[in-house]
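> Below, each chain spelled out in residue letters.
Number of protein chains: 2
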Amino acid sequence: MNDTFLRACRGEEVEYTPVWLMRQAGRYLPEYQAVRSNVDFLTLCKNPKLAADVTLQPVDILGVDAAILFSDILIPVEAMGMRLEFSEKEGPVLSEPVRSKSAVEKLTIPDVEEDMPFVFDTIRILIKELENKVPLIGFAGAPFTLATYMIEGGTSKNFLHTKKLMFQYNQVFHYLMEKLTDSVISYLSAQIKAGAQAIQIFDTWAGILAPLDYKKFAFPYVRKAISELKKEGVPIIYFANNCAGILGELKKVGDDVLGIDWRIDISDAIKKLGKKIVVQGNLDPCALFLPKEKLEERVKEILWKGEAAKGHIFNLGHGILPQTPPENVAAMVEAVHTYGRKK
Amino acid sequence: MNDTFLRACRGEEVEYTPVWLMRQAGRYLPEYQAVRSNVDFLTLCKNPKLAADVTLQPVDILGVDAAILFSDILIPVEAMGMRLEFSEKEGPVLSEPVRSKSAVEKLTIPDVEEDMPFVFDTIRILIKELENKVPLIGFAGAPFTLATYMIEGGTSKNFLHTKKLMFQYNQVFHYLMEKLTDSVISYLSAQIKAGAQAIQIFDTWAGILAPLDYKKFAFPYVRKAISELKKEGVPIIYFANNCAGILGELKKVGDDVLGIDWRIDISDAIKKLGKKIVVQGNLDPCALFLPKEKLEERVKEILWKGEAAKGHIFNLGHGILPQTPPENVAAMVEAVHTYGRKK
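Sequence lines, in order, name chains A and B. Anchor point for the first sequence: position 29 equals 30 in the working numbering, and the numbering is continuous, going up by one each time. Anchor point for the second sequence: position 226 equals 227 in the working numbering, and the numbering is continuous, going up by one each time.
Certain hints may be false.
Copies of the same chain look alike in the list, so a pair counts if it fits in one copy or across any two.
No farther apart than 27 angstroms at their CA atoms in a straight line, the calculated lysine-lysine pairs in the DSSO-like style are these [said to hold, decoys possible]:
| # | residue 1 | residue 2 |
| --- | --- | --- |
| 1 | Lys-231 | Lys-276 |
| 2 | Lys-301 | Lys-217 |
| 3 | Lys-277 | Lys-343 |
| 4 | Lys-107 | Lys-344 |
| 5 | Lys-293 | Lys-102 |
| 6 | Lys-217 | Lys-273 |
None of these hints come from the bench; they were simulated from the model. Just so it is clear, the structure is predicted and the values come from calculations on it, not from any experiment.
The following block holds chain A by itself, in its conformation from the complex:
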């Protein structure tokens, strides 16, 4: 197996900088669109055969160094008892937002294998099909990010409902976070047991908080999840979006790899994080619209700066956009493999 990615996660020596892309299985690929033309998004997430197929697409087409389970961070939220729908325009919709103690009480900690069997079936299919290729990354949303969706009922501009609950009913908020943390731990443990060789925790909305609120309301829960999951023995990646203002905290979260967004120079992040954490990132997803030579220049610059860290995994600073030309993605992966080769 090409275990470059796993070795990079552990800060071990590698022949070249490994690369994968957040949302690498998705709408920018015509091969994915072909599958989606017959099934809606949630049905695809819940069909192990098809979910495994689309997970494999970028591995075969782009030659990335890791596969990541095709799923959605809100799958376990549905398993906790909320009604989940996806609208083409608005994205995820949770029609009965959680904004009271009684709403939190109603949420169940899922029996993960029972309630989401398709996730683990997908992983088991993938482990067979990926043999001798690349490692499989499992994933979940971070407790705070999941909480925002549950409280807002979807995405949000100002996250006012989330912050109102945090600020005015902080015991209810903490109660919700505890339930979410337990769910995330059991969900990811089960993914690892099913075969996932690394896991990533997505904290898409970590960066909407003032640092003191991140520290109080989000950090303790994701740190707890990471510390529990560390016992499983696989590398843990924590992606904290819009992280520039909270790097001081992120340094202490206990993960193996910190995924950073594009709004900070990777050199500045590495300086702040020190030598104990592997860094993943951080090309602006929109940079994939650059002409090829300019794109290569940016890849080289990030690779070069990434050398200063304990280890570096190349990735985007956020999920790939559906409009991205696949040939540019291929050029990016090739550039990482070419210019990221160690002497």
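Please arrange chain B on chain A, whose structure you already have, making use of the hints.
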């Protein structure tokens, strides 16, 4: 006149930390809603008597230390030849986005007094009415932020059109930025000549760029505008939203005061900015939903940390939200005046 705000802008000694709020004249105030119940938003912007009235409301109601002209950053964009509308749901809509060289060519540099007389009339009314009260802040959008609205046709999630133009047709983008910079300079110069005693340049979308793109595509233009406007002799405030990753650049922009958002600890910002810049900010607008004692604690913490800067002007880290309870805003202003008093 209470010139505490102006002295703080210049880094001079003050008896207490002055405070004003971004969007302090606006929808959270019932007195503003009363005016708006008869006129739409754009009509209000263009009616000097009414615009002056709503500008004065927070001065009278809250006792803030500065007034800020009631207007919208897109007023000069309309004067450059674009059709501007405001939709309750989507916010500003510019129906023919600028995405080509010919579209940029069509834009005119406004004859500001001729094309936007209402702005300067409003300022002249305000200077009379504010006499012996507080200074008046004029404002404009930063060239980059205005460019995003013109290219996207409104607000955006990923700013893909903006970045595509930057990346694929960078000469067209630079051409647009030059025109915008000239417009901003003449617009703000005229505001100062009409009587504005300080100006703020709003760069709401500065933080969507990777630092190397901010440096190349946004920074040179706002720096040029600031350097030209400095000749007018009034304090210049530059508000760069989501600034944590670009503080290294912001340090060099040449303003008197840097306005920062809430996603960075003000101490971290001051450390990075050094002793030559006055800092403005940075309470999370959602913190205005905290119970009064908790709100006071946060105000105190920011005031205390702000002491480390050359000077500090208390403000929110972004515009006040329409849902904000006015009594909490009053409590915040009072807390700043109480706890920001120098021994």
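> State for each hint whether it applies.
Against the structure, the hints come out as follows:
no. : hint                 : result
1   : Lys-231 with Lys-276 : within (19 angstroms within a copy, 43 angstroms between copies)
2   : Lys-301 with Lys-217 : between (38 angstroms within a copy, 18 angstroms between copies)
3   : Lys-277 with Lys-343 : within (20 angstroms within a copy, 43 angstroms between copies)
4   : Lys-107 with Lys-344 : neither (57 angstroms within a copy, 53 angstroms between copies)
5   : Lys-293 with Lys-102 : between (53 angstroms within a copy, 22 angstroms between copies)
6   : Lys-217 with Lys-273 : both (21 angstroms within a copy, 24 angstroms between copies)
Violation of the numbered hints given earlier is confined to hint 4; every other hint is satisfied by the structure.
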